[in-house]
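Visitor: Listed here are the chains, written in short residue letters.
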Amino acid sequence: MSKKKKQKKYREHWYSGITEAFQMLVPGNKIYRTMAGRRARTGYRFILPFIIGFLVFMLRPMILSLQMSLSKINILSGTMSTDATMGPVNIFGIKFNFPYGNYSYAFGTDPDFNRLLVDEISRMAINVIATLILSFVIAVILNQKFKGRIICRVIFFLPVILSSGVLPGIENSNYVLNLMNSVNQSIQESSGVNISAALQDLLSVSGVGSGVFDVIFQMIDAIYDIVMASGIQIIVFLSGLQSISPSLYEAADVEGCSAWESFWKITFPMVSPLLLVNCIYTIIDFFMKNDNQVIEHINEVMYGVQMDLGVASAESWIYFGVALLFIGISSIIITGAVKSYE
Amino acid sequence: MSKDNTVFIGKHSSFRERNRRSGGYLLRRRIKQIGISVFRGLLMFGLCFMIIQPMVNRLAMSFMEERDLYDSTIILLPRHVTLQNYVDVANLTSFPTSMLNTLWISLLMSLCQVISTTLVAYGFARFEFPLKKFWFACVVALIVIPPQTIQTALYMTFSRFDIFGIFQATTGAPLSIRSSIWPYVMMSLTCMGLKNGLYIYMLRQYFKGVPESLEEAAYVDGCSTMHTFVKIMLPDALPVIASCFLFGFVWQWTDLFYSRNFLSGYTLYAVQMSTMTTRMGRYYSTSLTDAITVTTGRSLQLISIAVLFCCIPLIILYCFTQRTFVESLAMTGSKE
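Taken in order, these protein sequences are the chains called B and P. Numbering follows our numbering, with no gaps: position 158 of the first sequence is 147. To get our numbering, take the position in the second sequence, counting from 1, and add 9.
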């Protein structure tokens, strides 16, 4: 009962948590000496490393980088300043002194940023959907009983190691090698060795909706990347599948459900909450990958000839904003879909 | 075919006899089962092959001389076997030093990260304190924010490091600790290392699933909070903690971002590997001043071997610990 009261109190003011924290942490207060106060202090002692780390190594750098993205940085003297070219904003005739110059540079002047961003986003949308579908299918298969299932599980988890960090990008990060690859590709395409391209041609000639096929063939061409990126997702789905009690299937079987029906009526609804976890994980994983072209571009702006820290941080903020937007949209869509399904 | 599903009609009657009596149903079912398992086998084999094949390819390539690369009749088995490639790659990546550095740094960092994340996760799982939701939202933010966003700011923070102006006052200038190991040790000890938000989330999920009665019994007997945590919670949580440690180790081993930014004072394998192509020309030239251009095939081959070097220790590690990797993740992931 008392817990409920406390909950209500939290909801009354947004700052009630802060005042309560103050009461519990500062000696001399009434709540300080209660059991709850002691537990709260112990809890804070446990999470203290995180609080310090978050404030010092996350929040402060974030504020600093936001500041940097809004100013011109002189590398030699190490100073930040804003000037008139960064531009005040005119909103409804009122002048705001908002130095957005780096952002407008990123969108307007930088020759590659827009293109790379759009490229990466479209690639990501396709990859995330494909990863979710593929990892779900593989998890369903691995959940069945067949010979060599344990070995398959071991192998499917191997990409978590083999595609981490520097490894996926390394073999195409070299400029010369990239050139070579593109030459190879064009040779393959012209000589007709590329099967999926040939099939695609065939299908588009036969007049089936080519837009859909474009997407599907993009998925098929990227199947290696997708498999390499879906190790953890498979395990998460698999653990979800294994937590379904077999008696549900038995009951369905007795009632005359076919395997197909029990898949859609039992398996899918039970695992669908994990879709959101996996989806968010996949998006984050994709956004932080080393072979991501936007990140490469930002690194280039930062360390390359340009050495413009302001533009680099503006671009990484834009990138972060896009990532956040995507995570938000997909979680809204998926929670909505799961709820309506239930 | 499993026994419990089979309808036995007569103990010794043959399959054909039983099939005839069931009106062809048995045969149809048998065919369907075989079809499904053949399809499944093919799919599994194909995907497994796709994962393993690049590694096998790299291994085969590592024994080839350069001329074998351009010979289209050679696919896997080299015609001119050589071990010179290994020597070259080892020299190019300053092999024993960089690998040993990577080893101890990865061990140290993952140890720091595991200690701090376990404590924090336990705090989040077991204690009620004001602003808990806010701090947990910060953990989620930690998972979501790409470290690239704060890369430059961290770079500047550590090149002019100061705690409340203490160093400025005593030595006259803020410390530049960017190329030492301390920034990353500090970050690891405060849960800001590579993917640490994820570990906090995983461990919290695990601790929440453990029944509270054990700890309550310990409290009743007069055990302190920390003592309870060390003596009662930790022993049971070891598999999950071990898996976090392994993840930390593996991801640190292959990490380029943190290595390049905060550990630039150490020759680390991942960094050496990523900058290998720039040193190739100088390495292969015979004169002291000029660098020659290395052919694309050759540099691709050398990079592949370097990747192989990087992966082999991890694959060996994985072979021994795959149970820890997979099962503890399954243990924590399911309770969403």
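It is worth saying that the hints were derived from the structure and are not from the lab. Take these hints with a grain of salt, some might be off.
[As the list claims (entries may be wrong)] Calculated Cβ distances over 10 Å to all of chain B for the following chain P residues:
hint : residue
1    : Leu35
2    : Ile60
3    : Tyr79
4    : Lys141
5    : Lys142
[Unchecked claim] Covered stretches of chain P, as calculated for chain B (at least 3 residues, CB under 8 Å):
hint : segment
6    : 197 to 209
7    : 277 to 284
[Stated by the list, open to error] Heads up, incomplete: computed chain P residues facing chain B, CB under 8 Å, no partners named:
hint : residue
8    : Phe72
9    : Phe104
10   : Leu151
11   : Ile241
12   : Leu243
Because the structure is a prediction, the values reported are computed rather than measured. Backbone N, C-alpha and C define an ideal beta-carbon position, used for all residues, glycine too.
Visitor: Tell me, in ascending order, the numbers of any earlier hints that this structure violates.
Guide: 2, 4, 5, 8, 9, 11, 12
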